[in-house]
Amino acid sequence: MKNLENIPVEQRRRTNPLAHVFDEFMAFCQSRSLFMLHYCTGCGAVELPPVMTSRFDGERLGISPMVSPRQADVLLVTGYVSVKTLKRVILTYEQMPAPKYVVGICSCTVNGGMYWQSYATAKKLSDYMPVDIYIAGCMPRPEAVISGMRDLMEKIRTGKADSWKDYFRNYDHYLGQQQRLFGPKWQTPTDIIGEAEHYGLITKNTRGEHTRLLEEHQKRLEPLEMRL
Amino acid sequence: MRPENYEAKRQPPSNEFELNFGPNHPGIEGNYAFRVKVSGDIVLEGKADAGYLHRGFEKLMENRLWIQNIAITPRICVPDPVPMEVIYCLSVEDLCGQEVPARAQWLRVLQMEMSRFAAYLFYFGGLGSTNGMYTPHYWGMADRDLILDLFEELCGGRVYHIYNIPGGVRRDIPDGWLERVSSTFDYLESRLKDYDDLVFRNQVFIRRTRGIGVLNQQEALELGVTGPNLRACGLPFDVRRDDPYLVYDQLDFDLPTEDAGDNLARALVRRADLFEILRIIRQVIKALPDIDGPIRAPIPNPLAWNVPAGETYQRVESSKGELAWYVVSDGGDKPYRAHVRGPSQTHAVQVLEHLAKGARLEDIAQIMFSLDACPPEVDR
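Listed in order, the protein sequences are those of chains Y and Z.
Okay, so the first sequence: first residue is 1 according to the numbering used here, each after it adds one.
Okay, so the second sequence: first residue is 1 according to the numbering used here, each after it adds one.
Source of the hints: derived by calculation from the structure; they are not laboratory data.
Nothing false has been slipped in among the hints.
Pairs of lysine-lysine, DSS-like flavour, derived with a Cα cap of 27 Å:
1. Y:Lys84 - Z:Lys59
2. Z:Lys286 - Z:Lys193
3. Z:Lys37 - Z:Lys47
4. Y:Lys165 - Y:Lys84
5. Y:Lys84 - Z:Lys37
6. Z:Lys59 - Y:Lys124
7. Y:Lys123 - Y:Lys87
8. Y:Lys124 - Y:Lys155
9. Z:Lys59 - Y:Lys87
10. Y:Lys185 - Y:Lys124
11. Z:Lys357 - Z:Lys37
12. Z:Lys334 - Y:Lys123
13. Y:Lys155 - Y:Lys123
14. Z:Lys47 - Z:Lys357
15. Y:Lys87 - Y:Lys204
16. Y:Lys87 - Y:Lys185
17. Y:Lys204 - Y:Lys185
18. Y:Lys84 - Z:Lys47
19. Y:Lys84 - Y:Lys123
20. Y:Lys84 - Y:Lys124
21. Y:Lys124 - Y:Lys204
22. Y:Lys124 - Y:Lys165
23. Y:Lys165 - Y:Lys204
24. Z:Lys47 - Y:Lys87
25. Z:Lys37 - Y:Lys87
26. Y:Lys123 - Z:Lys59
27. Z:Lys59 - Z:Lys334
To list a few chain Y residues with every Cβ distance to chain Z over 12 Å, as calculated:
28. Glu24
29. Met26
30. Val110
31. Ile133
32. Asp151
33. Lys155
34. Asp162
35. Gln179
36. Arg180
37. Pro184
38. Trp186
39. Thr203
40. Lys204
Backbone N, C-alpha and C define an ideal beta-carbon position, used for all residues, glycine too.
Isolated chain Y (complex conformation):
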C-alpha cells in the first residue's frame, strides 16, 4: 500500500497491475456511496427533499445528504448562482477532498436560464468550475434528478468522471474566469497548486498569468473580519 501512494494517481492504472484491479474496485465503491453536500444554492433545492424522502427515495442508491464539505463527494449546484453565492460555492468546492464531482441542476446553471438578463447572477457554471453532469429543467422532476445521479454513478464506475482533474490541470483558466468576475485580488485560502502537485496533475495550463497574479497578492491571510 505504501508503494501505491508513491505512484502519482495518473500513472497507477498504467504501471501496476494490482493497482488496476484496486482502482476499479475503488471506483465501484465510490459510485455506490455518494454523499451530497447539503448546500441549497437556489430554487432547485426545493426538489431535493422529495428526491431524498419517502416517495422517490435516493438512499436506496446510496445517495445521502451530508452537511460538511469535508465529508461530501458531490456538490449539487441547484439553480442560479448569484455572484455572492458563487464565491462560497467555489470555496466549498475547493475544500472538498478529491475525487469530487459537480452536478449542475436546473437550466440556470447551463446558460443563465431565466435570469440571463440579470446583473446579479453568474451565467454559465462551467466557466467557473468543472461540471460532470447537467440536469436541465426548471425545475427538473425528482425522477430527472435520480436519472442524472445514476448517469453520474455510471460515469464514476467507468472512471470517466474526472472533472476534478480538469480543475487541477486547467487551474489557470478557471482562476482567470473567477478573477474576471470577482476582481484581480480574488483568492481562496486553499493551495490548489500544492494539491495538484500531490496528485501529479500539473500541466502547462496549471500555472500561468493568473496564478502569478495570485502569488503577487498572496500573503498570509488574516482571519476574516466580522462586521456586526
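Use these hints to put chain Z onto chain Y, whose structure you have.
Here is chain Z on its own, set in the frame of chain Y:
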C-alpha cells in the same frame, strides 16, 4: 485549507465569540446567513446577512412584457409559489379594469389553499428536523407530493405551475379532478392525527419550543409581523377575512389564534390552520361544479398589450403572511416599476435579529424555522 495559511489574530481576552451560521449550514433554511455574537451559549447579538439569492427581480420585470412576467413571478417564493402568480394577475387586472369570471376566481382560491397546505407540510418537516426529529420531514414530503401530483394534473408543473393569467386561468380542470382533490384531502385529514402524535403532542417538541422566541403583541405590530406569526401573538388579522379578495367573502372559515407568541404557538397556529384550509377546500369543491361560464376574460394581443397608465397596490395572504405588490404602469407594454413587499423581509431580518438577543445558541435555527421565512423572498 492549509493551517499554515492561517495566523491567529491577537485580540484582547474576552469571553465573547463570533459565529457564522450559514449560508452552507444544515440549520439554516435556504441560502441565507446569520452572524451571531455569543458568550457561553447565550446569543448577545445577531445580524442577518442576506443577498445570496438576489436576482434583481424588480429590474428584470421592467424589461419584459406584461405577459412574460407571469413566468418569473413564482420564482420569488419557492415553497408557496401560487400567491405570487395570483397577486401579479390581480395587479394587472386592477390596472386594466378587467372583470374576472366567477369560475376563475373559485379556481384561484382552490389553488391558493392547496399551495398553502403544501407549504405548511414543508414547514412542519423543517421545524421537526431542527429538533432532531426526521420522521415529520419524511412524512411531510411524502404527503406534500400528493398535492403536487394534483397540481401536475391540473397544469403540468410540480412546483412552478404558471396557471394563472391576467383575466383568469389558462385552462379548465380535467375530468374527475375534483373527486381526486376531495379524496386526497380526505386522506390528508386522516393523516393529521399521526402528525399530532408525532410532533404536536410530543413532550420533546413541546419542551424544546415552549417559551422560546417570545414576541408580544406590541413588538409584533412595531416590527411589521403579519400572517400566522401575528396570529400566534393573539391578534386575529388576516387579509382573507379583513380585506377580502377573490371570493373569500363568500367562504366560511375561522382564524385560529394563540396567545403565547412563542415557537410552540407559531407551530400550533399553523396546525390549527390546516383544518380551516380543509374547510375552505371542501366549500370550493362543493360550489365549483355549479358555477359555469368562461374561465378567462378576453385579453388583447399579449405581444402588444398596453396596460393603461396608473398604479396599484394589491395584497393577498400567503402561507408566510401578508404579501403585497406595488405595480406602476406608464401606459406601455412593460411595467414601469414592480415592487414586492414580501412577509419574509421582516420575519427573516428584523424579527429574527430581535428574537436572537438573549436566546440560546441551539434555539437560533428553531426560531428561524418557526418564523417560516423564505430567503428568496427576502433577496428577490
